[in-house]
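2 protein chains.
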Amino acid sequence: MPIRRAASRELLDRICRAAAELIVEKGFECTTLTEVGRAVGLAKSGLYHHIQSKEDLLYQVMRHGLSRLDEGVIAPTRAITDPAERLRAIANRYGEFILGSRDGSGVGPQLTTLIHESKGLSPEHLREVARSRLYFYKYVAATMQELMNQGRFAQVDPTVAAMSFFGAMVWLARWYRPGGRLSREAVIADVVEMTVNRLILPAHRSQGVRIG
Amino acid sequence: MPIRRAASRELLDRICRAAAELIVEKGFECTTLTEVGRAVGLAKSGLYHHIQSKEDLLYQVMRHGLSRLDEGVIAPTRAITDPAERLRAIANRYGEFILGSRDGSGVGPQLTTLIHESKGLSPEHLREVARSRLYFYKYVAATMQELMNQGRFAQVDPTVAAMSFFGAMVWLARWYRPGGRLSREAVIADVVEMTVNRLILPAHRSQGVRIG
Numbered sequence: 001m002p003i004r005r006a007a008s009r010e011l012l013d014r015i016c017r018a019a020a021e022l023i024v025e026k027g028f029e030c031t032t033l034t035e036v037g038r039a040v041g042l043a044k045s046g047l048y049h050h051i052q053s054k055e056d057l058l059y060q061v062m063r064h065g066l067s068r069l070d071e072g073v074i075a076p077t078r079a080i081t082d083p084a085e086r087l088r089a090i091a092n093r094y095g096e097f098i099l100g101s102r103d104g105s106g107v108g109p110q111l112t113t114l115i116h117e118s119k120g121l122s123p124e125h126l127r128e129v130a131r132s133r134l135y136f137y138k139y140v141a142a143t144m145q146e147l148m149n150q151g152r153f154a155q156v157d158p159t160v161a162a163m164s165f166f167g168a169m170v171w172l173a174r175w176y177r178p179g180g181r182l183s184r185e186a187v188i189a190d191v192v193e194m195t196v197n198r199l200i201l202p203a204h205r206s207q208g209v210r211i212g
Numbered sequence: 213m214p215i216r217r218a219a220s221r222e223l224l225d226r227i228c229r230a231a232a233e234l235i236v237e238k239g240f241e242c243t244t245l246t247e248v249g250r251a252v253g254l255a256k257s258g259l260y261h262h263i264q265s266k267e268d269l270l271y272q273v274m275r276h277g278l279s280r281l282d283e284g285v286i287a288p289t290r291a292i293t294d295p296a297e298r299l300r301a302i303a304n305r306y307g308e309f310i311l312g313s314r315d316g317s318g319v320g321p322q323l324t325t326l327i328h329e330s331k332g333l334s335p336e337h338l339r340e341v342a343r344s345r346l347y348f349y350k351y352v353a354a355t356m357q358e359l360m361n362q363g364r365f366a367q368v369d370p371t372v373a374a375m376s377f378f379g380a381m382v383w384l385a386r387w388y389r390p391g392g393r394l395s396r397e398a399v400i401a402d403v404v405e406m407t408v409n410r411l412i413l414p415a416h417r418s419q420g421v422r423i424g
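Chains E and W are the protein sequences, given in the same order. Per our numbering, the first sequence starts with residue 1, numbered consecutively. Per our numbering, the second sequence starts with residue 213, numbered consecutively.
Worth flagging that the hints you see were computed from the coordinates, not collected in a lab. Honestly, I wouldn't trust all of these hints.
Pairs of lysine to aspartate or glutamate residues, derived as DMTMM-like cross-links and limited to a Cα-Cα distance of at most 25 Å, are as follows [claimed, not checked]:
# : chain 1 : residue 1 : chain 2 : residue 2
1 : W       : Lys266    : W       : Asp225
2 : E       : Lys119    : E       : Glu193
3 : W       : Lys238    : E       : Glu29
4 : W       : Lys331    : E       : Glu35
5 : E       : Lys26     : W       : Asp225
6 : E       : Lys119    : W       : Glu329
7 : W       : Lys331    : E       : Glu10
8 : E       : Lys119    : E       : Glu35
Keep in mind it's a predicted model, so treat the numbers as computed, not measured.
Working from the sequences, and respecting the hints, build out all of it.
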């Protein structure tokens, strides 16, 4: 990547992070481009080199979050052959994405709150964002279905199981406060235990005691 | 209750339901009192007999949902002595509250979406609503803790388990669409299975084969 483009990408990342924080704090309606500019040290005119409009800002912030999700959770797990191993890797990586435990800079909390601001997107951008989210839902549900086809999944509908997993994870971003009784790692481990591990059955279940 | 007060209460209920639907559809910011009045056949001046301001409308809508939650989920389960039975009853009733399967008039989807509009409340009302929600969280977590104290709960922190349960339930209101492949009853049963049943251990666990 040419240096200029890399620098521009880095600045857009900073704009997206600052905007995400402001939107989560104040709501999209009440967030102004002037404030976003101020947070990254740019005049409104400077900001317009990177963002076309307020709607475009929301869209860029969501795209930013979704591409981090792809890089951190989807892409690194796609090649794992065993569905149980893949599901555990997705769940642990998604937990880290949500709580940002890997490098301390999670965008998960913002992304999950931003979902509720989707009304601010243009119909076209709304469709694109919805498509990306649906892709991720289906990726998890398909992995659970694969386990079920192999007789290695609990008697729970894979779609319901996948959506319950997402519910628990998204909610995590809302209630968890770092620095309390529970470490990020312990909380992620428990959510993964409940929503994933306890649904995976051993590859070859004991059929009772065989005689002879 | 005197007839006048009962009629007034019934009208306030209708106002709250109509307002909740509008707020979920358009967001609180974009909902006007005129529209809420129109939905229940009242002029804005008539509405002001029941609602003091737009902020008061949001507060009344949330109070309405929280008192339905108390009547439908908390109060009827409080006297159940066995914590496993109590937890299952809470979970099933909460699922029905969320999806409205009992009488087809669930306020759960609205209530869960409205949580994200809490910014619109006055600080005092926000504290009151937060207190009610916290009460419900603690009620579920305490029931799980009781099971753990009796050695009947999986190795998962009761707070994390309770919040994951809420996450799965709240998310249910967002993703589930009636009339599809999955019935309300089947979906509720699967969420309860994942987030509650599979964490409850038998009262007396088999200690393996005893010899002698």
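> Which numbered hints turn out to be false for this structure?
Replying inline: 2, 5, 7
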